[in-house]
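Starting from the known structure of chain R, arrange chain P on it as the hints suggest.
Given next are the chains, with one letter for each unit.
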Amino acid sequence: MLRSRWTKALAFLVCLAPLFHLAWRVWNQDVTANPTEFIQHFTGDWAIRLTVATLAVTPLRKLLGVPDLIRFRRMIGLFAFFYACLHVLTYLWLDKLFDFPAMLKDVGKRPFITAGFAAFACLVPLALTSTAGWIRRLGGKRWQRLHSLVYVTAIAAVAHYYWLVKSDIRQPMLYATLVALLLCWRVVSRTIRNNAVRRA
Amino acid sequence: MLISKPADLRYSEVTPKSVYLNRRRFLAGVPAAFLGARAARAGVPSGPGAKLPSLAKSPFSTTETPNTYNDVTHYNNFYEFGTSKQQPAQNATNFKTSPWTVSIEGDVAKPRKFSMDEILKLAPLEERIYRHRCVEAWSIVVPWAGYSLSALLKQAEPTSKAKFVAFESYWDLRQMPLARPELAGIALPYVEGLRLDEAMHPLALLCVGMYGEALPPQDGAPVRLVVPWKYGFKSIKSIVKIKLVSSQPPTTWNMSNAHEYGFYSNVNPQVDHPRWSQAKERRLPSLFQNHPTQMFNGYANEVAGLYAGMDLKKNY
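Chains as they are written, first to last, in our numbering: chain R, 31 to 230; chain P, 368 to 683.
Chain R extracted, bound-state conformation (with noise of 0.2 Å):
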């Protein structure tokens, strides 16, 4: 089932469908007073799930036994830049009215911005290699190795969520805690890996 092209097709309106929560909520004006934070809270909500999500699509794979979640990882990727995109895009159009020199100054001074503007600009290349044919040119071990960036990203973007919060850390620390089990889950499975092909 998870071969079919419509499986596909529903993962798409099931990752777009956020947009169309958030455009819904603005069209009813229920967005606060505060509309500005409601969106980039929104959007960055998005991001962050989206990103923990294709952390999640290996370990499934493997702990379920279905190799065929790996179609859905790209799109998961895509939609995880996507939703960064917005979320950036309100920051820098909203909060600084596209004032470059403010928005460096943020960057450099301020850690949450500085972990923010980390987990995005990882993304970048990811999205942009993202293609078959970028695969093919980079070749497999290299565009992995490359893709190992989204780690930076996720750790980034909890560190960004915690130092953002005043004082309620919980939806942080749910995070941390799924980022820390995905990445732990790797680092066991990697040794698992190496010493059973040491033995052999």
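A hint or two may mislead.
Claimed, not checked - As a list, the in silico PhoX-like pairs of lysine-lysine whose alpha-carbon atoms are at most 25 Å apart:
hint, chain 1, residue 1, chain 2, residue 2
1, P, K608, P, K647
2, R, K135, P, K647
3, P, K424, P, K530
4, P, K418, P, K477
5, P, K681, P, K452
6, R, K135, P, K681
7, P, K680, R, K139
8, P, K680, R, K196
9, P, K463, P, K521
10, P, K610, P, K530
11, P, K681, R, K139
12, P, K480, P, K424
13, R, K196, P, K480
14, R, K139, P, K488
15, P, K610, P, K528
16, P, K681, R, K196
17, P, K463, P, K480
18, P, K608, P, K463
19, R, K196, P, K528
20, P, K480, P, K681
21, P, K488, P, K424
22, R, K171, R, K92
23, P, K463, P, K477
24, P, K610, P, K480
25, P, K680, R, K135
26, P, K477, P, K608
27, P, K608, P, K528
28, P, K610, P, K647
29, P, K488, P, K610
30, R, K38, R, K92
Quick caveat, the hints were computed from the structure, so don't treat them as lab data.
Showing chain P alone in chain R's frame:
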């Protein structure tokens, strides 16, 4: 007679656009509205939304247009009712604020408790239209109702030992199930403080209403402070205790993070919050953070003298 029948249209009766555009949610609210109307007929004497008597105009008011009632009542920082901006409006609806007393104690000649009824009658109520500047770099304009805090403090006759005023918010987990420190992330009950001369300044408002009505729960019912030249978190909500003291009292956000929230917390475009600039603000409902922040939120002429000779970068 404080509570009279509404003679004219109240701010809150004007259907906000979000309501008439959102029919389904409106219909879901009909049963509650019906119950509310029944309660009103049964003769609930006061409480949130009750119409206040005619309010005197104040020379301290800004001429700017207030934000909508819906904006001011659905975008709140009131961590006892949840840490998101939308939660207080949902979670505080049944907040019981009657009976209510405010205790004035400490270095005063006449310590005593004031009932809400006494507070409402202590001095003529004024409408004060202030710009409310949050430390998060947004601001809104609110037509508050109340009178200078000094009127209440004078009743208790502060002694010469009194140098600071400590305020404490209501705190009750039965009424505020989310108000556990581990959920809110801050120590509770919420406490705030002012220097005595700041507290006695006529701009410092003891606030009992807004938009001509008694305060709604999420905005700090039944009585709160509004200190318009300081960041919003200094304007403590739902006050139950006022204590005159001789040394600087602890304040909630300062205890939570002293590096980011000082005791003074005067609005100051030159002193950034460590995590963001305070040079500009977003004047809601505008989307853009493009308005230059005013020194002391525009009240420099009135209050700068209180801080003569002080280094405001050190005493942030």
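Discussion item. Given the hinted pair K681 (chain P) and K139 (chain R), is their Cα-Cα distance within 25 Å?
Written reply: Holds - the C-alpha atoms of K139 (chain R) and K681 (chain P) are around 19 Å apart, at most 25 Å.
Discussion item. For a C-alpha distance cap of 25 Å, please report whether K135 (chain R) and K681 (chain P) respect it.
Written reply: 22 Å, holds
Discussion item. Checking one constraint from the list: CA of K463 (chain P) to CA of K480 (chain P), max 25 Å. Satisfied?
Written reply: 19 Å, holds
Worksheet entry | 25 Å Cα cutoff - pair K608 (chain P), K463 (chain P) | 17 Å, holds
Worksheet item: Does the structure keep K463 (chain P) and K521 (chain P) at a Cα separation of 25 Å or less?
Response: 28 Å, violated
Worksheet item: Does K196 (chain R) lie within 25 Å of K680 (chain P) when you go C-alpha to C-alpha?
Response: Status holds; Cα separation ~21 Å.
Worksheet item: Can the restraint linking K608 (chain P) and K528 (chain P) be considered satisfied, given a maximum Cα separation of 25 Å?
Response: 19 Å, holds
Fill in: Restraint status (C-alpha distance of K608 (chain P) to K647 (chain P) at most 25 Å)
Outside the cut-off at roughly 35 Å; violated.
Fill in: Pairwise hint evaluation, K477 (chain P) against K463 (chain P), where the allowed Cα distance is 25 Å at most
28 Å, violated
Discussion item. Does K488 (chain P) sit within 25 Å of K139 (chain R), going by the straight-line distance between their CA atoms?
Written reply: 51 Å, violated
Discussion item. Given the hinted pair K680 (chain P) and K139 (chain R), is their Cα-Cα distance within 25 Å?
Written reply: 17 Å, holds
Discussion item. Does K530 (chain P) sit within 25 Å of K424 (chain P), going by the straight-line distance between their CA atoms?
Written reply: 31 Å, violated
The structure fails to meet hints 1, 3, 4, 5, 9, 12, 13, 14, 19, 20, 23, 28 from the earlier list, while all remaining hints are met.
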